[in-house]
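Visitor: So the chains spell out like this:
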Amino acid sequence: MMKKLTFLNPSRENLNLFILAGIALFGLGILDTVLNSQFEINITSFLPRWLNYFTPLLFSFIGLHYIRIEFSGIKMLDQLNKNINSNWFNAILSLLVIFVLIKSIPGLLNWLFFDANFIGTTKEECTGDGACWLFIRFWITRFMYGLYPDAEIWRINAAFLMLIGTVITAFFVGPKIKKYIIIFLLFIFPFIAINLISGGNFGLVWVETGAWGGLSLTFIVSIFAMLFCFPVGMFLALGRRSSYPVVKYASIGFIEFWRGVPLITVLFMASVMFPMFLPDEVFMDKLVRVIIAITLFEAAYMAEVIRGGLQALPKGQYDASKSLGMGYWRMHLLIILPQALKITIPGLANTFIALFKDTPLILVVGLLELIGMIDMAKANPYWLGFAIEGYVFAGAVYWIFCFSMSRYSQNLERKYKTDR
Amino acid sequence: MNLKSTTSSISDFFYARPKLKYYLPQALTIFFIVFIFGYFSYNAQVNMDNRGIDFGLRFLGEESSFDIQFTPFVEYDGTKSYATAYLVGLINTIIVASIGIFFATILGVVIGISRLSPNYLIAKMSEIYIEIFRNVPLLLQLFFWYFAVLRTLPLPKDAVNFYDISFLSIKGLYVPRFIWTNGSLFIGSIIASIIIIFFLLRFFKKEQEQTGKQYPKFFISLTIITVLPFLTFLVGGVSLDFQYPELKQLSKTIYNFKGGIAIIPELMALALALSLYTATFIGENVRAGIQGISRGQKEAAASIGLTPGQTLKLVVMPQALRIIIPPTTNQYLNLTKNSSLAAAIAYPDLVLVFAGTALMQTGRAIEIISITMLSYLSLSITISIFMNWYNKKIAIKEK
Amino acid sequence: MSDKIIQVENVSKWFGDFQALKDVNLEVSLKEKIVVCGPSGSGKSTLIRCINRLEEHQKGKIVVDGIELSENTKNIEQIRAEVGMVFQQFNLFPHLSILDNCALAPIWVRKMPKKQAEELALRELEKVQISDQAKKFPGQLSGGQQQRAAIARALCMEPKIMLFDEPTSALDPEMIKEVLDAMVNLAKAGMTMIVVTHEMGFAKEVADSIIFMDEGMIVERAPTKEFFVNPKSERTKLFLSQIL
Numbered sequence: 000m001m002k003k004l005t006f007l008n009p010s011r012e013n014l015n016l017f018i019l020a021g022i023a024l025f026g027l028g029i030l031d032t033v034l035n036s037q038f039e040i041n042i043t044s045f046l047p048r049w050l051n052y053f054t055p056l057l058f059s060f061i062g063l064h065y066i067r068i069e070f071s072g073i074k075m076l077d078q079l080n081k082n083i084n085s086n087w088f089n090a091i092l093s094l095l096v097i098f099v100l101i102k103s104i105p106g107l108l109n110w111l112f113f114d115a116n117f118i119g120t121t122k123e124e125c126t127g128d129g130a131c132w133l134f135i136r137f138w139i140t141r142f143m144y145g146l147y148p149d150a151e152i153w154r155i156n157a158a159f160l161m162l163i164g165t166v167i168t169a170f171f172v173g174p175k176i177k178k179y180i181i182i183f184l185l186f187i188f189p190f191i192a193i194n195l196i197s198g199g200n201f202g203l204v205w206v207e208t209g210a211w212g213g214l215s216l217t218f219i220v221s222i223f224a225m226l227f228c229f230p231v232g233m234f235l236a237l238g239r240r241s242s243y244p245v246v247k248y249a250s251i252g253f254i255e256f257w258r259g260v261p262l263i264t265v266l267f268m269a270s271v272m273f274p275m276f277l278p279d280e281v282f283m284d285k286l287v288r289v290i291i292a293i294t295l296f297e298a299a300y301m302a303e304v305i306r307g308g309l310q311a312l313p314k315g316q317y318d319a320s321k322s323l324g325m326g327y328w329r330m331h332l333l334i335i336l337p338q339a340l341k342i343t344i345p346g347l348a349n350t351f352i353a354l355f356k357d358t359p360l361i362l363v364v365g366l367l368e369l370i371g372m373i374d375m376a377k378a379n380p381y382w383l384g385f386a387i388e389g390y391v392f393a394g395a396v397y398w399i400f401c402f403s404m405s406r407y408s409q410n411l412e413r414k415y416k417t418d419r
Numbered sequence: 000m001n002l003k004s005t006t007s008s009i010s011d012f013f014y015a016r017p018k019l020k021y022y023l024p025q026a027l028t029i030f031f032i033v034f035i036f037g038y039f040s041y042n043a044q045v046n047m048d049n050r051g052i053d054f055g056l057r058f059l060g061e062e063s064s065f066d067i068q069f070t071p072f073v074e075y076d077g078t079k080s081y082a083t084a085y086l087v088g089l090i091n092t093i094i095v096a097s098i099g100i101f102f103a104t105i106l107g108v109v110i111g112i113s114r115l116s117p118n119y120l121i122a123k124m125s126e127i128y129i130e131i132f133r134n135v136p137l138l139l140q141l142f143f144w145y146f147a148v149l150r151t152l153p154l155p156k157d158a159v160n161f162y163d164i165s166f167l168s169i170k171g172l173y174v175p176r177f178i179w180t181n182g183s184l185f186i187g188s189i190i191a192s193i194i195i196i197f198f199l200l201r202f203f204k205k206e207q208e209q210t211g212k213q214y215p216k217f218f219i220s221l222t223i224i225t226v227l228p229f230l231t232f233l234v235g236g237v238s239l240d241f242q243y244p245e246l247k248q249l250s251k252t253i254y255n256f257k258g259g260i261a262i263i264p265e266l267m268a269l270a271l272a273l274s275l276y277t278a279t280f281i282g283e284n285v286r287a288g289i290q291g292i293s294r295g296q297k298e299a300a301a302s303i304g305l306t307p308g309q310t311l312k313l314v315v316m317p318q319a320l321r322i323i324i325p326p327t328t329n330q331y332l333n334l335t336k337n338s339s340l341a342a343a344i345a346y347p348d349l350v351l352v353f354a355g356t357a358l359m360q361t362g363r364a365i366e367i368i369s370i371t372m373l374s375y376l377s378l379s380i381t382i383s384i385f386m387n388w389y390n391k392k393i394a395i396k397e398k
Numbered sequence: 000m001s002d003k004i005i006q007v008e009n010v011s012k013w014f015g016d017f018q019a020l021k022d023v024n025l026e027v028s029l030k031e032k033i034v035v036c037g038p039s040g041s042g043k044s045t046l047i048r049c050i051n052r053l054e055e056h057q058k059g060k061i062v063v064d065g066i067e068l069s070e071n072t073k074n075i076e077q078i079r080a081e082v083g084m085v086f087q088q089f090n091l092f093p094h095l096s097i098l099d100n101c102a103l104a105p106i107w108v109r110k111m112p113k114k115q116a117e118e119l120a121l122r123e124l125e126k127v128q129i130s131d132q133a134k135k136f137p138g139q140l141s142g143g144q145q146q147r148a149a150i151a152r153a154l155c156m157e158p159k160i161m162l163f164d165e166p167t168s169a170l171d172p173e174m175i176k177e178v179l180d181a182m183v184n185l186a187k188a189g190m191t192m193i194v195v196t197h198e199m200g201f202a203k204e205v206a207d208s209i210i211f212m213d214e215g216m217i218v219e220r221a222p223t224k225e226f227f228v229n230p231k232s233e234r235t236k237l238f239l240s241q242i243l
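Protein chains in written order, with numbering that gives the first Met the number 0: chain A, 0 to 419; chain B, 0 to 398; chain C, 0 to 243.
Be a bit skeptical, because a hint or two may be false.
Stated by the list, open to error - 27 Å max Cα-Cα, derived DSS-like pairs, lysine-lysine:
no., chain 1, residue 1, chain 2, residue 2
1, A, K414, B, K396
2, C, K159, C, K126
3, C, K134, B, K204
4, B, K392, C, K135
5, C, K126, B, K396
6, C, K30, C, K113
7, B, K216, C, K187
8, B, K391, C, K187
9, B, K204, C, K58
10, B, K312, C, K73
11, C, K187, C, K126
12, C, K134, B, K212
13, B, K297, C, K58
14, B, K205, C, K110
15, C, K114, B, K396
16, B, K312, C, K113
17, B, K391, A, K314
18, C, K159, C, K30
19, B, K212, C, K159
20, B, K20, A, K247
21, B, K204, C, K114
22, A, K314, A, K74
23, B, K392, C, K58
24, A, K74, B, K123
25, B, K297, B, K216
26, B, K212, C, K110
27, C, K134, B, K205
28, A, K341, A, K314
29, C, K21, A, K74
30, C, K73, A, K314
It should be emphasised that the hints constitute simulated quantities derived from the structure, not laboratory data. Keep in mind the model is a prediction, meaning the values are calculated, not measured.
Using the sequences and the hints given, assemble the complete structure.
Guide: Below you can see the structure in the form of structure tokens.
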């Protein structure tokens, strides 16, 4: 009787025996699943169908039960047990996850890499079962630059290089020069960039905004909107905390309006309604209208983030500044805002990431950024049927940018927490 | 020198007159706002006169003359008014938002709890899920589901068959239609059960306060709400019939299902994308709520003898919900606003129907877009007011 | 000797690789007051947390009031109803009033009618002299008041034993006295108490014996007077010289 019980329950006395038996059974279950899903071999086909389905689970479950020995002394085993095998419920969950991964990952990798076509230029060269990345290679220039004329693409590159260069230098210089860099970025750079990309002056060919597109347009829209929504948001935040009732309620109304409506309606408003509010003679380019609309929209969210920072600042800072005789603007410019903005850096980063993720919406008003260009490419009669490749590519691009930005912002947050 | 003395004399002027300092900027702000609005209105008026359009809401009563492909609950065709079209769009928005909120909540709670699981695999999987679905734009996810996935579903002829009751094909998910006889009696029994349970719970609470006795509230409530409606079937003459979808040949090559209820692929894609995306944010909220309860609270509860179930109900959940509910309500609001992405895949929600088709036909941009924005705005503001009230009410009192 | 209400036999506990308790033996009689002191990391908190199963011991046996502590949840719940604990961080429930904090367990665990539970709560709050704060919330009270409320909350379960885990370490100096006074009153009323603390003044006034722990072991245990006047171990002497 006692012998039977010890057979079923692992104990520390027969440690090695149980571990061996457990690993063997566990491995058997995994092997069964792998053979089933990848090679279509069924080693337990002699069993009735419903039992057959569960055999891998059964084997591995019993295997895990055998190796679930508390405080065995073997470090790796204890770690494993604590993490995925602490009780029968966790064991089943872990096994389900493992089996799902075994069934899905090889197929996914096959489609993405092993069966996929990377080399070639025509659709016919996409022979395999895997992804046809030739589709992306063929269209990559359009995906990056939209319908911008090929000969002029260097201008877009130049503008971005200038931006990246300026931002990088800002990291390495002292605070005095940093101030000048910020002024340059806010006031002079937009002017230069617009002239470069749009052309028409200084001997550059004019390219209408309708031809701008692709990933470069995504960045143009996001960066401009971000640059301008920041000061607007700051004023709104200050306005909301103002002691002048008119200013306060006007700010609240403005903020709540933009926060209460979907971005799509804002874009429709910009593209269809705005022109009605301007005299006939004044023509505002659609892209300009859209950027203004997105700026105002995000400024409302930015205002709430900054307001959070202003509120988080200890009241003592306000008291100290006032008791030193500082007026409203001096107090805010020198003491309050610098500190509040430091607190809100993670929130600012999140707003920018949200803005970046919102830009694809401009395709509903006819501005073809990255996803819009992919839609256009996939509808091309020659290249029909590669929607999945296109969207996976776009997904990867966006994911890389958004993930990196959010990691960076988390680092900033951590750094800020320790500073405090 | 000159500029400085001028500015300081201007400031002195204002400091000496505090009333002026208070009222002047406000007056200027009001003037500025009125000026802007006036300028816009004037231009709008001029532009509309030039085009021969008049401003007004009378167009709402006119015939719409366009069809909408998904109109549950409302009888609609091209002869109904624009106002009815608006209603249909509104209802469709509510439908997709409700489905999205329902699934997003369930999935979000599961993800949030999994994230905290001591099981490494489970925690890692939910972390990966969150990082993937949070960092890809919602529009892209929507396109992926709609164009890439749902387009690969089979034709109705080869539809995926769920026990001959329900069918999944490229044209949509077809489920049986419920046909009630004496359905109102059934609904009545449910309402009656709820009322009975409500009063019973109050009675139990009083009993507990008086005598300390505790009743198995959950099981009793569960029994009532299942037994009573069930009885209506047995003795109340209520019966339920199903109209099953059936494959019909419409022409030589076109087959489709008739009968039953059709859940169009646009609705499926939108609900799927909204749920999966919003669940990531709700999951993070749930995680923050549960983590926000310090371990000491659970220890203190255990040390005075509360069972884990009682600890959860009396100590952990009240505190956790206070942390979870406000941002989650915000997410519900975001989901409802994000449902407007329907316009990109032709699901007939409020934006597509009204600010899309109706706008194109009537050209009345200002009225239509204003009404659309106002609809969303009223919903947002109502929820905001409710949230503020709720927050004040449950706020944990401090010095 | 009078009946032993707590028996700890050869108890060892590990946190992963680190051994926090090394073969600890302890016996506590009814109405006995014991102070446990020692450097941080010596296992004092771990020891008393094992007694009400907030921590699990891996080796050895713990018996409280005749019930053995094991994985049996029924035993654990029974023991916890007999043993009250006061924490360093108070751990009052912030969403409930002081009165509700105290009446919660009697209502839900002892199944007392609400009125009776509230009367009991007010009596205990009166004993620690904050019955006037009954309707307030923890966030509105000072640290000393919160800790006294925590003591009252534990007492509402009418325990036989009270465990104190550094009850005054998180308090500002001027509030330590009010909490110690409450504890002294409790001791005088005959409660069995195990107190982990550095407050040697309290120990001198109230404790029957003092235990010095270091590196997971009980280094010395002696009746109070003897402990201070004639410590036997070198480590005890070193410790005393540092804190007195």
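Visitor: Each hint should be assessed against the structure and marked as holding or not.
Guide: Hint check results:
{"no.": "1", "hint": "A/K414 to B/K396", "in the structure": "32 Å, violated"}
{"no.": "2", "hint": "C/K159 to C/K126", "in the structure": "17 Å, holds"}
{"no.": "3", "hint": "C/K134 to B/K204", "in the structure": "21 Å, holds"}
{"no.": "4", "hint": "B/K392 to C/K135", "in the structure": "16 Å, holds"}
{"no.": "5", "hint": "C/K126 to B/K396", "in the structure": "25 Å, holds"}
{"no.": "6", "hint": "C/K30 to C/K113", "in the structure": "30 Å, violated"}
{"no.": "7", "hint": "B/K216 to C/K187", "in the structure": "43 Å, violated"}
{"no.": "8", "hint": "B/K391 to C/K187", "in the structure": "45 Å, violated"}
{"no.": "9", "hint": "B/K204 to C/K58", "in the structure": "44 Å, violated"}
{"no.": "10", "hint": "B/K312 to C/K73", "in the structure": "20 Å, holds"}
{"no.": "11", "hint": "C/K187 to C/K126", "in the structure": "12 Å, holds"}
{"no.": "12", "hint": "C/K134 to B/K212", "in the structure": "25 Å, holds"}
{"no.": "13", "hint": "B/K297 to C/K58", "in the structure": "25 Å, holds"}
{"no.": "14", "hint": "B/K205 to C/K110", "in the structure": "13 Å, holds"}
{"no.": "15", "hint": "C/K114 to B/K396", "in the structure": "24 Å, holds"}
{"no.": "16", "hint": "B/K312 to C/K113", "in the structure": "18 Å, holds"}
{"no.": "17", "hint": "B/K391 to A/K314", "in the structure": "22 Å, holds"}
{"no.": "18", "hint": "C/K159 to C/K30", "in the structure": "9 Å, holds"}
{"no.": "19", "hint": "B/K212 to C/K159", "in the structure": "25 Å, holds"}
{"no.": "20", "hint": "B/K20 to A/K247", "in the structure": "16 Å, holds"}
{"no.": "21", "hint": "B/K204 to C/K114", "in the structure": "13 Å, holds"}
{"no.": "22", "hint": "A/K314 to A/K74", "in the structure": "52 Å, violated"}
{"no.": "23", "hint": "B/K392 to C/K58", "in the structure": "50 Å, violated"}
{"no.": "24", "hint": "A/K74 to B/K123", "in the structure": "21 Å, holds"}
{"no.": "25", "hint": "B/K297 to B/K216", "in the structure": "24 Å, holds"}
{"no.": "26", "hint": "B/K212 to C/K110", "in the structure": "6 Å, holds"}
{"no.": "27", "hint": "C/K134 to B/K205", "in the structure": "21 Å, holds"}
{"no.": "28", "hint": "A/K341 to A/K314", "in the structure": "16 Å, holds"}
{"no.": "29", "hint": "C/K21 to A/K74", "in the structure": "21 Å, holds"}
{"no.": "30", "hint": "C/K73 to A/K314", "in the structure": "52 Å, violated"}
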